[in-house]
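Asks: So the chains spell out like this:
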Amino acid sequence: MKVVNYLIMIVFCALMIYASLGLPNRGDAYADLNKEKSLSQTPNAASYYIHNAKKDAKTENMVTVILADYRGYDTLGEETVIFTAGLVCFLLLRKEKKKNGKKKR
Amino acid sequence: MERKKDNPIVSLVSRTVSPFIMLFALYVIFHGHYSPGGGFQGGTMLAAAFILIRLSLGMEISQLQFKSRWATPLGSAGVLIYFGTGLVALLFGGNFLDYGFIPIAEAVAERRSIGILCIEIGVAIAVMAIIVSIYDDLLEGSSDD
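Top to bottom, those sequences are chains W and C. Per our numbering, the first sequence runs over residues 49 to 153. Per our numbering, the second sequence runs over residues 83 to 227.
Pulled out of the complex, with its shape left as it was, chain C reads as follows:
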């Protein structure tokens, strides 16, 4: 199948839009305490920004931005952040995933807020890496990767 590799309009628009999608994704993740949003939604938007670059500029150039072999380790790192947050609470005398025992802030409510933020970041990293990884795996067999 013939495919035009360098269409200037598509590449320029996607390169311009992609950072703003990432910025809005970070806003959705970190503002999840006060507005609709959170790890799953923000992680999906981050993955959309990466996949936009992959679709428009091709696999070789987008490897400079996010290498395919980073995806699976990053996904496991996200799951481990979530699990580790629960494990820290377990080590400091609470139940598993009971953020009131994380030794960061003074007040228990403050600690719970920080714990929620930690796991949202973990979820976002895992979702982003896994979606990019699935896209890369699906594209692996095609001819122009």
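Same shape as in the complex, but just chain W:
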């Protein structure tokens, strides 16, 4: 059984490495991902952000504009996730206070 596990792992690794060979290089300006228009000849979102981020929000940091303005719902969700994690820790871990010398529950 162990041999089959190793075999599956090696085949999967080989598949991943083969797939990663087809990716464009980092910062390749001529990759399909970074062109002005996508493969289906519609405008890319990334080029819109690069052109208009500073003009729209008067903020030099493009990443801040994308995170907080264009993708505001996403950041609201992230913050809610963190808040939920805190609430769950509060509910699970906090001990109940003793009242009149005996435990409440």
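Don't read these hints as lab results, they were simulated from the structure. Remember, predicted model here, so these are calculated numbers, not experimental data. Warning: the hint list may mix true and false statements.
Partner residues aside, some chain W positions facing chain C, computed with beta carbon under 7 angstroms [as the list claims (entries may be wrong)]:
1. Asp80
2. Leu81
3. Thr90
To spell it out: a stretch of chain C is covered by chain W in this simulated footprint if at least three of its residues, at any positions, have a beta carbon under 8 angstroms from a beta carbon of chain W; those stretches are [as the list claims (entries may be wrong)]:
4. 90-100
5. 105-119
6. 151-164
We put the CB at the ideal spot given by N, CA and C, even for glycine.
We have chain W already, so just place chain C on it with the hints.
Replies: Only chain C this time, still in chain W's reference frame:
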């Protein structure tokens, strides 16, 4: 478990370093418009400053700085600041979280910049309070709290 409560070196170093961590955290939050940074990173650094004091000086003394029971209300206040910023834009005729409709400044770009700052502050407060709250909850069961 035996634990030495008052080690002068640890307490002095942590008390000296903690305000500078807070100052740098505020810089990261408010300079997020121009450099890498923002609410999440700055809030985490603020929480690190509070947790440093909690680790070195113990739970009782650090309650003077930041009480455990403030943490959860402060976290909800941070989320409400974010939500309220979006709701103000909604009330003044825009979409939810469309900061161009917040009635503060004249130009739309200026308004968006201020809206981004508001939500970064909300995120920072929420992240800081929640991390401190998780630390306090985890420590609640230990013997020397």
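Asks: Evaluate each hint against the coordinates.
Replies: Structure-based check of all given hints:
| no. | hint | verdict |
| --- | --- | --- |
| 1 | Asp80 | 28 angstroms, violated |
| 2 | Leu81 | 23 angstroms, violated |
| 3 | Thr90 | 23 angstroms, violated |
| 4 | 90-100 | violated (count 0) |
| 5 | 105-119 | holds (count 5) |
| 6 | 151-164 | holds (count 7) |
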